[in-house]
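Put together the whole structure using the sequences plus the hints.
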Amino acid sequence: MHKYIVKRLLWMIPIILGAAVLVFTLMYFCPGDPAEIILGAGASDAEMEHLRISLGLNDPFLIRLGRFLKDTFIRFDLGRSWITNLSIADSIAERLPRTMLLAIAIMLLSVVIGIPLGVVAATHQNRWQDNLCMALALLGVSVPSFWLAMLLVILFSIKLNLLPPMGIGGLQYYILPALAGCTGGIAALARQTRSSMLDVIRSDYITTARSKGVSEQKVIIRHALKNALIPIITIIGTQFGRLLGGTMILETIFGIPGLGSYIVTAVNNRDYPVVMIGSIVLAAMFSLCMLGVDLVYAAVDPRIKAQYAKKR
Amino acid sequence: MTTGTVKKQNKVLEVLKRMSRNKLAMAGLVIFTAEILLAVLAPVIAPYGFAEMDYTAMQTGPSAAHWFGTDEMGRDILSRLLYGSRYSLSVGLIAILLNTALGMVIGAAAGFFGGWVDNLIMRFLDVIQSLPAMLLTIVISAVLGPGYFNTILALSINGIPGKARMLRAQILKERNAEYIEASESINCSRFRTIFRHLIPNCFSPLIVQSTMGVATIITTMAGLSFIGLGVQPPTPEWGAMLSGSRQFIRNSPYMVIFPGLAIAVTVLALNLLGDGLRDALDPKLKR
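Taken in order, these protein sequences are the chains called C and B. Here the first sequence is numbered in this note's numbering, starting from 1 and rising by one per residue. Here the second sequence is numbered in this note's numbering, starting from 1 and rising by one per residue.
The hints are simulated quantities; they were obtained by calculation from the structure and are not laboratory data. It is possible that some hints are incorrect.
[Unchecked claim] Beyond 10 Å from chain C on every Cβ pair, some chain B residues (computed):
1) Leu13
2) Arg18
3) Val105
4) Phe113
5) Phe149
6) Ala169
7) Arg175
8) Phe191
9) Pro200
10) Gln232
11) Ser245
12) Val256
[What the hints assert, rightly or not] Stretch-level coverage of chain C by chain B, calculated; a stretch enters the list once three of its residues show a Cβ under 8 Å from a Cβ in chain B:
13) 37-45
14) 53-67
15) 283-289
Even for Gly, the Cβ is constructed at its ideal location relative to N, Cα and C.
Below is the structure:
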């Protein structure tokens, strides 16, 4: 098991390096002269040329790529923003917790609402409860989060004056963003829970458990749901990964200075170093998420754990 | 050859027949078809031009003259939504064709050739998928710059890995089937074996995913213009309209409600249709 974790962690290295090369290459082809972006339009030609030489912007692509990779992954120097001249590492360290808080809040809401919806739908298959839950799930995937965000602001901030429309402060600032962001996750989880519950609910061991006289509630939670969990965990993992990207728009709407809005602002300002490092951080977090999903599999399902043990 | 086409048509008809029994799927189909008609006929139907300003009615709520109200420049929101549907729908459809085609070619190559080709392609897809889809779309969109075709390109890239993986998995499942051996034994070229025999047999999940994919692309596109990339104003794109309405959210909530409703209804219709197609293509899955 440990060997497997180490192997997976090592495997992340080429993936993240690959992501770095990909993002660097994309940024290399971005229109606009970096020297002009840094100095502003008023700078003289001599100043711009001087900056280009000092930043090595006149070097060929491969040399610049090599230097970028060396700075980032060997010297751990993430560089500075072109626009604000602030250290990117510091900015990310300041912003990342906000993005994580938002993402975790959204994920918790999705799990707490989505899985019960799916269980109710499966245990009341083809009755009105099922139809209602699935209709809700369908609405959940169809409503764009940024629209829902604006509707929530209209209702809770403008009409009812209950919650702040944007900014950061206490936890109450995260309620609306989390509500707006959780519908997709709720929908995906409810659907997956329903279908994998239906897969297991007719199994022999469920009948056995019932005939032993185990209470219905216990049958559903301890026996059925536990066995239906693997595909549900996959969905949780992929949804979390998707969230890392999805928070970009939510953070922009709600004015939360997190990693997502940092990258969006950087893209709009052509602040390329920030875009590159931000993307690499997101890619690393995403890969860690996927690794986490695989490890949770092993924790939940002894059969999978046995497989790893055999491999060793 | 003739028997082949007859059989294929029967299958298509059978699927359509099965789907026609599904009321929700038909509702989705009707809504989506209606939207396409509205988009095509927008210049005929729309009561005003999409950039036409009515200085007597600026930022007014829904009324008899302007059913969905007017925006801050006195432009009719209904007309703008109708013209906007042309962008959303055409970008969605073209981007999905592009990414399905590319995903199919890549996935087919990986699945059919196997070995190092497969390995190389899969590792590359791993790298692409390690970046959140929205981030990749935003970055590519920034590289390509604004504009209609650039937006289509940026949006089509992010579905490719999913499609390629799915087709590869299907092909790995199908490649040892007898009909592949048969086609090889009668000396079909590899190209022909892949595109004429293998791919059609892997089609059903691809169709379902593509239908849902149009919905994802439309939402992503709206999200993209919402943060100021992609199609630029004054183009009446739905996401851009939504984004523009943000500063008037306090006094004119209808400016927020209608463009979002247009997106939500379209996405809902496509999801209904996709669900129905999935059930119709694979009756075993239906519960």
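Subject >> Violated hints - listed by number, lowest first >> reply: Of the numbered hints, 11, 12, 13 and 14 do not hold.
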